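Residue numbers (the numbering used here), protein chains in the order written: chain A, 655 to 810; chain B, 40 to 669.
To be clear, the hints were calculated from the coordinates, so they are not data collected in a lab. All values reported here derive from a predicted model rather than from experimental measurement. Worth double-checking, as some hints may not be accurate.
Here are some of the chain B residues that sit facing chain A, going by a computed Cβ distance under 10 angstroms [said to hold, decoys possible]: (1) T87; (2) N105; (3) L270; (4) K273; (5) R278; (6) A305; (7) T543; (8) E544.
Every residue gets a Cβ at the ideal spot worked out from N, C-alpha and C, and that includes glycine.
The chain contents come next:
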Amino acid sequence: MPEKEIKKLKKSLEKERALAQEYLRGWQRAKADYINRERKIEKEKESWIKFSNSKLILDFLHLLDGFNQCLKHIPKESEGEKWVQGVIQIKRQFETFLKAQGVERIKTVGEPFDHNCHEAVDRIPSKDFKNIVDSEIQAGYKMGGHVIRVAKVIIK
Amino acid sequence: MSKIIGIDLGTSNSAAAYMEAGKSKMIPSAEGTTMVGGKAFPSCVAFTKDGQLLVGEPARRQAVANPEGTVFSAKRKMGTDYKYKIFDKEYTPQQISAFILQKIKKDSELYLGDKVEKAVITVPAYFNDAQRQATKDAGAIAGLEVIRLVNEPTAASFAYGLDKSKGHEQQVLVFDMGAGTLDVTIMNFGEGVFEVISTSGDTKLGGTDMDEVLVNDIVSSFKKEQGIDLLADKMAMQRIREAAEKAKIELSSTLETEINLPFITADKQGPKHMLTKITRAKIEELVKPIVERCRQSIEQAMKDAKLNPASVEKVVLVGGPTRMPIVQKFIENIFGDKLARGVDPMECVAMGAAIQAAILGGDEEVKDVLLLDVTPLTLGIETLGGVMTPLIERNTTIPAEKSQIFSTAANNQTSVEIHALQGERPMASANRTLGRFILDGIPPSPRGVPQIEVKFDIDASGILTISAKDKATNKEQHITIKDSSALSKEEIEKMKKEAEKFATEDRKEKEMIDARNKADNLIYTCEKTIKDAGDKIKPESKKEVEEKIEGLKKVKDGQDSEALKKASQELEDTIQKIGAAMYQESKANVGPDQSAPSGQKESDSKEKDSSKENKNEEPIEGEFEEEPKK
């Protein structure tokens with residue numbers, strides 16, 4: 655075989671080899687992308703479940719707000735009644751349920767104001783401003799350490 | 040290469056987006072306020088007394104506690120000499136904006152897991168040179184290279200893909216109503232460029248005003264009814280505000296909603312509850328004066344642009360309040376049905392900025408060697424009753440392979456015709472034929488027994504191979520179609536549009552055919568049951584079934600779907616009664632013959648399921664026609 659021909663063939667072999675390498679790399683990358691994507695989907699699924707749970711619980715908190723509001727209005731003369739005691743027990747059931755879901759109430763009254771979990775809706779004007787929570791307007795909650803609803807508070 | 044992000048630096052709220060796989064996606068703030076949604080970063084900066092810098096949601100939360108240390112709406116002061124004096128230190132509006140951009144940069148890096156060094160930032164169309172320079176400076180202070188400033192209305196138009204509309208020049212009006220500001224911009228679009236012709240607006244008009252009127256109305260009607268003023272009651276007001284916000288959102292999609300706040304307050308007589316219905320008509324009546332105030336800005340913009348409503352070709356809505364039907368109706372009353380739809384109006388500016396960023400950055404994915412195509416239209420085969428059964432859905436990334444098992448429609452059917460189709464319509468005849476072939480030599484057996492595996496295999500260049508294999512004999516036939524994607528873009532669009540247009544009629548027709556197929560199956564099952572049961576059925580029951588079968592046969596091929604459904608139901612009820620009676624009579628004597636009818640019934644219901652879910656395990660019975668249908 656003439657040298658020229660060999661050179662030509664070698665060159666074309668080199669070219670084909672490079673092409674094959676490129677295809678292999680592309681294929682490997684596609685496969686890796688796929689595997690990574692699958693893994694990411696798994697993770698996303700988990701966080702979606704958590705997220706949708708927290709959404710559900712957020713909606714549920716509104717009902718709890720109403721219920722707590724109701725308990726605040728128990729007439730003095732009825733406080734000792736068995737019937738009222740039963741209703742208070744239902745509240746405990748709610749609280750147990752939330753605890754089981756990893757939901758805890760954010761501490762407010764008397765605590766120093768914390769912008770990470772408190773939202774100030776008003777401030778009691780005073781010369782001696784201490785930046786602590788005076789009263790709670792709406793309860794706040796954390797779920798698994800993350801704030802899912804900030805506590806709305808008045809500060810002094 | 041790090042991502043270039045798009046930032047909508049707003050007066051009350053800011054937002055950021057990026058491009059991934061050719062789509063723009065929003066970047067959530069680290070606080071991830073899932074409750075409010077929409078724009079994630081309040082444009083708020085605060086310095087606490089103990090020297091902390093807070094930006095975004097945390098800053099907003101403490102604003103009341105620390106008003107002297109908190110800055111809102113720095114955007115309004117951009118390009119001026121104004122200085123914010125906070126605890127003996129001075130800050131320029133650029134610096135304040137830079138804090139917001141820095142926070143967006145940080146949160147984006149956290150979310151994307153990559154460095155973010157470049158950004159496209161949007162500015163109002165009316166911003167002058169000084170204001171634009173100030174915005175650029177803010178970016179630089181934040182450590183972001185601002186590769187371009189884009190006008191907000193232009194970005195919004197990009198998000199709606201208006202830049203892709205070909206042909207003649209057109210006038211676009213962008214109506215941007217935020218929480219506290221209204222901007223109206225008219226642009227001329229031609230040869231890929233948006234040119235601002237006129238701008239107008241109102242710096243003190245927005246969604247907040249709408250919330251206010253609703254809350255005030257709720258409070259004042261409560262006062263009228265109960266004689267108690269809730270304005271001073273912080274807790275009650277908090278609950279009302281939240282309920283009003285929720286009601287407002289709900290009323291964009293429903294006509295009536297309820298505000299239900301038990302134990303809202305109490306007096307000497309005891310607790311008081313709030314329970315009122317709010318209709319869409321009511322909220323529209325309340326916000327109408329606010330919406331009407333927008334008219335002046337629109338008219339001014341059109342007067343300046345020397346245009347009339349008829350010459351505006353597209354209207355783009357931006358901002359949360361434009362989700363309200365009354366706002367959309369108001370715009371439609373002026374311009375007619377020209378609204379661009381399909382993108383969240385609260386996100387479209389940031390998304391448009393992200394699209395610009397990707398274009399300027401030379402999107403990486405485009406450069407990738409391995410370009411994968413998608414099938415533009417659904418591919419499938421014709422099954423019993425002229426129905427198109429899809430195998431590969433449209434927009435599936437190719438190469439792709441999909442197989443499904445079908446069966447025969449008649450007893451002793453020895454051949455099936457595979458009629459391959461392309462298109463989105465549920466009826467085979469309305470779609471495009473790709474090819475046909477016949478698989479024969481199927482051993483004679485009852486309908487539904489043979490298992491024929493049909494496989495669609497489309498390679499990366501769009502060449503489609505369709506094969507059909509009889510699982511009993513392993514006999515196989517196939518064809519290769521080279522031009523499965525030979526349709527022009529226009530043809531594809533036309534086919535998609537037709538599918539949308541005829542969706543309702545097609546569905547009705549398909550329902551009719553499904554009902555007919557079901558009736559066919561039922562008749563076959565019942566006839567088989569009677570035959571198999573022989574004299575185990577009382578003659579009067581047998582007669583009843585036969586009558587019902589005749590009745591069903593009569594209406595089966597008509598067009599009255601109600602009559603067909605009724606006749607099918609009657610027959611089903613009758614045969615079930617007989618089946619039950621037979622079981623009760625001879626519980627001990629249950630042979631395979633007797634279990635056959637109920638088994639058949641079961642597979643009837645499975646057929647419905649599997650045709651919906653395309654499960655491969657169960658053969659789809661009675662799907663093939665005996666005779667090729669033309």
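Each hint tested on the structure:
1. T87: OK, holds: T87 of chain B within 10 angstroms of chain A, min 8 angstroms.
2. N105: At 8 angstroms from the nearest chain A Cβ, N105 of chain B passes the 10 angstroms test, so the hint holds.
3. L270: violated, 13 angstroms
4. K273: Interface hint status for K273 of chain B: holds (5 angstroms vs cutoff 10 angstroms).
5. R278: holds, 7 angstroms
6. A305: Hint holds; A305 of chain B Cβ to chain A Cβ min 6 angstroms, cut 10 angstroms.
7. T543: violated, 33 angstroms
8. E544: This interface hint is violated because 37 angstroms lies over the 10 angstroms limit.
The structure does not agree with the numbered hints 3, 7 and 8 stated previously, though it agrees with the rest.
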